[in-house]
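Go by the hints and put chain B onto chain A.
Protein chains in written order, with my numbering: chain A, 1 to 486; chain B, 487 to 625.
These are computed hints drawn from the structure, not numbers from a lab. Hints are supplied without guarantee of correctness; some may be wrong.
What the hints assert, rightly or not - If you want a taste of the chain A side facing chain B, the calculated C-beta under 8 Å gives, among others:
{"hint": "1", "residue": "G245"}
{"hint": "2", "residue": "A419"}
{"hint": "3", "residue": "A423"}
To be verified - Between beta-carbon pairs, the in silico distance windows are:
{"hint": "4", "chain 1": "A", "residue 1": "E195", "chain 2": "B", "residue 2": "V528", "range": "20 to 26 Å"}
{"hint": "5", "chain 1": "A", "residue 1": "P8", "chain 2": "B", "residue 2": "G531", "range": "56 to 62 Å"}
{"hint": "6", "chain 1": "A", "residue 1": "R348", "chain 2": "B", "residue 2": "S508", "range": "27 to 33 Å"}
{"hint": "7", "chain 1": "B", "residue 1": "N614", "chain 2": "A", "residue 2": "E195", "range": "38 to 44 Å"}
{"hint": "8", "chain 1": "B", "residue 1": "P592", "chain 2": "A", "residue 2": "K264", "range": "46 to 52 Å"}
{"hint": "9", "chain 1": "A", "residue 1": "L256", "chain 2": "B", "residue 2": "A573", "range": "18 to 24 Å"}
Note that the Cβ used here is the ideal one computed from N, Cα and C, for glycine as well.
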Amino acid sequence: MSDAYTGPLERVDASRWRIPKSYKPQMRVDGLIYAGDELMKTVRTDKSLEQVANVACLPGIVAHSLAMPDIHWGYGFCIGGVAATDPERDGVISPGGVGYDINCGVRLVRTDLTLPEVQPRIQQIVTDLFDTVPCGVGRGGRIKFDRGQLRRIMAEGSRFVVGEGFGWPSDLEMTEAGGSLPDANPDFVSKRAFERGEDQCGTLGSGNHFLEVQVVEEIADLQAAAAFGLALGQITLMIHSGSRGLGYQVCDDALLELRHVPQKYGIELPDRQLVCAPVNSPEGERYLGAMRSAANFAWANRQILTYLAREVFAGLFKRSAESLGMRLVYDVAHNIAKMEPYEVEGQRRMLCVHRKGATRAFPPGHPEVPQAYRHVGQPVLVPGDMGRSSWVLVGQPAAMEQTFGSCCHGAGRVMSRSAAIRAAKGRFIDKELLARGVVARARERTGLAEEQPEAYKDVGLVAEAVQAAGIAKKVARLRPLGVIKG
Amino acid sequence: MTPRYELFDHTADIGIRAFAPSLATLIAPSTEGLYAVIGDVVAAGDSHPWRFEAAGDDTSLLLRDYLAEVLLLFDTEHRRLTGLSVAEFTAQRLCVTAGAQPVDAPRSVLQREVKAVTYHALAIRPVNGGLEATFIVDI
Chain A
1 MSDAYTGPLE RVDASRWRIP KSYKPQMRVD GLIYAGDELM KTVRTDKSLE
51 QVANVACLPG IVAHSLAMPD IHWGYGFCIG GVAATDPERD GVISPGGVGY
101 DINCGVRLVR TDLTLPEVQP RIQQIVTDLF DTVPCGVGRG GRIKFDRGQL
151 RRIMAEGSRF VVGEGFGWPS DLEMTEAGGS LPDANPDFVS KRAFERGEDQ
201 CGTLGSGNHF LEVQVVEEIA DLQAAAAFGL ALGQITLMIH SGSRGLGYQV
251 CDDALLELRH VPQKYGIELP DRQLVCAPVN SPEGERYLGA MRSAANFAWA
301 NRQILTYLAR EVFAGLFKRS AESLGMRLVY DVAHNIAKME PYEVEGQRRM
351 LCVHRKGATR AFPPGHPEVP QAYRHVGQPV LVPGDMGRSS WVLVGQPAAM
401 EQTFGSCCHG AGRVMSRSAA IRAAKGRFID KELLARGVVA RARERTGLAE
451 EQPEAYKDVG LVAEAVQAAG IAKKVARLRP LGVIKG
Chain B
487 MTPRYELFDH TADIGIRAFA PSLATLIAPS TEGLYAVIGD VVAAGDSHPW
537 RFEAAGDDTS LLLRDYLAEV LLLFDTEHRR LTGLSVAEFT AQRLCVTAGA
587 QPVDAPRSVL QREVKAVTYH ALAIRPVNGG LEATFIVDI
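Pulled out of the complex, with its shape left as it was, chain A reads as follows (with noise of 0.2 Å):
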C-alpha cells in the first residue's frame, strides 16, 4: 500500500501549495504548505499533506492549517506543522500540535575563536565534550536537582538555573521568552512525569539530539550577522534537545486523560492522535500549564548544557568562556504552544499558536526580538545534518502576516530510520564524516546510521524556499566540525 498523497494539491505561487477545504467535509480551512518544486516531490510521498489536511478540522482554526518546508510525516500533526486557534471562538489546544518533546530546541553559542585555533583541536574538544555532556539512552545527569529544585524549574525555567549558577545573566535575554513560560504550573505534572525526567536536566539524549561545533563559513546578510555576532571563520557551537523523560510523560498523560474530552465539547477529530480540548476549559488550561511546566525544563536543560559546553572550553583553551567570548546568540523553542496576539480580520486577537517542528520567526522591530537584535529580527536557528551545514535566518515580516511568525526548524528526514540503517550497511559513518572533515562521537553506531547526512533533505533547500517566500532571511551558514550525538 502506498503512503503517497492522493488528495488535491494546487499551486498558489512558487513557494506555496494549497490543499482546498473542500477536499474534506470537516476542514475549516485551507492547508498551505511552503515549498519549493525539488522538496514537493518528496513531501507528497508521506502521508504529511494528510496530517495537514487533518489539522484543518480543528475547531476554531484561524487562516491555514500551515507547513512549512521542512515537512515530514510525524503523528497527528505532520513535523513542520503550524496552527493558531482562536480561544474566543471555540479554539482548541491539542498536545498532538506540540509532541511529546515539549519545547526541543535549538541554541546557537557564539566565541571569539577561529578555525585555525580549534581545527587541530577539534578531536580533543569533541572528546572532552563527549565525556563531560551526558548523552544516550538512560544518561542521567552529572548535576543533581532534588524535587524542591525540580518544580523551581519547571515554574522558572532558565531564569532558576542561571541563578544557581549554571549562566549568564545576558543567557535569559537571548533566550525566547526569556528562557520561562509565565502560567506554568508544576502542580498539574503527574508524579509519573516527575520520575521520568528527574536525573536528566542537563541531559542531551539521544536521537537526532546533538552538540555540534560549527564554523561559519557564508555570511548572506552582513547587518543581522553583525548584530548577531557572527563572522567569517568564527567558531560557533549548537545545542539540540528539549525536555527530556519529563515532556515525554507530560504529553504522554495529557493524551491519556484528554482521551474522552472530544465527545464532551462535540468535537469530531478525524485522528486520535489530534485529541484536543477548548483552551478556555478547565482540560485545556491543565494540559497548558503541565506543558508550560516541561517547556520551562527544557530551556533549563539546554542552559545546563551550555554551561558544561563553556566549561569544556574554558578548560582546553585555559581561558574563562567569558574571556572567549562564549555568548549565548540565541534560544527558540520549535515543539511549543503559545499564546500570541495577531490581526485577524482586522482585530487584534490573542491566538494559541501550535508550532510542531517549527519555529518562531519574528520580523524587526517585534517587541519579543531582543534589544540587540530588534532592528534586524529575531534569530531562527535551523540546524542541517552532520555532513553538510546549518543556517541562521532572520525573521521578516511576512511571517506576521502569513505564518503567525513561523518558519521552518531544521532540514527534515527523507529517509526512515530503517532505510538510514539499511543505507549505512558495511560503512563506518564516523569514517565518512571525518573524511568529509568532521569528527563525531556517538553512544553506538546505529545513532550515527539513523542520522548519517542522506537521511536528511539539504537544509539550504529549506533555507531557500522560506527566503523565497519571505517569511525568513538568510544571514549565516554554519559548516560542522565535530559533533557529539547520543
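The following block gives chain B in isolation, referenced to the frame of chain A:
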C-alpha cells in the same frame, strides 16, 4: 500462527507489527518489539512482581496503555519485564503480571530512546487466522 513481531518504516520514527493467534498471546511479541526498538535489553538479578490492570472499551488502546507502562518502568526503574502472564485481554479489560528484572547495563546495548508509544496508526486487526497489532513509537 506463531507469535512474532517485525519492525517497519515510518519517516522519523519506527513502527512495530506483532502477530499472534489471540489477544492474550499478542502481549508478548508486542512487548518484545518495543524492547527491540530500544536495543538489546538484557535483564539480570532479582525481579519484583509487576502488574498492569486497566479497563476500557478498545483493545488497541488497552495495548497502548500497557506498553506505555512498560516503557515507563524501563525509563524510571531501568527494569525489563520477564515471565509475562496475561490473565485477561478483552475490549473491556487487560490484566498482565510479570517479573520486573533490573536491566544489566554492561551486557545491554541501548540504541534508541523511545519517547512514547503513540496513537498514530494504532490498531489490532484479524489476519490469516490470527491477530496483528500495529503501533508506532516516537524516537
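Verification of the supplied hints:
Annotation: A:G245 was flagged as interfacial toward chain B, and the flag holds, the nearest CB pair being 6 Å apart, inside 8 Å. A cut of 8 Å between beta carbons decides the hint on A:A419: the least distance to chain B is about 6 Å, and the hint holds. With a cut of 8 Å, the hint placing A:A423 at the interface with chain B is violated, because the nearest CB-to-CB distance is about 12 Å. Restraint check, A:E195 to B:V528: a C-beta distance of roughly 23 Å satisfies the suggested window 20 to 26 Å.
A beta carbon spacing of about 58 Å between A:P8 and B:G531 agrees with the range 56 to 62 Å that was offered as a hint. The beta-carbon spacing between A:R348 and B:S508, approximately 59 Å, falls outside the hinted interval of 27 to 33 Å. Remark: the range hint 38 to 44 Å for B:N614 to A:E195 is upheld by a beta-carbon distance near 41 Å. The hinted range of 46 to 52 Å is satisfied by B:P592 and A:K264, whose Cβ atoms lie roughly 49 Å apart.
At roughly 22 Å, the beta carbons of A:L256 and B:A573 sit within the given window of 18 to 24 Å.
The structure is inconsistent with the numbered hints 3, 6, although it conforms to all the rest.
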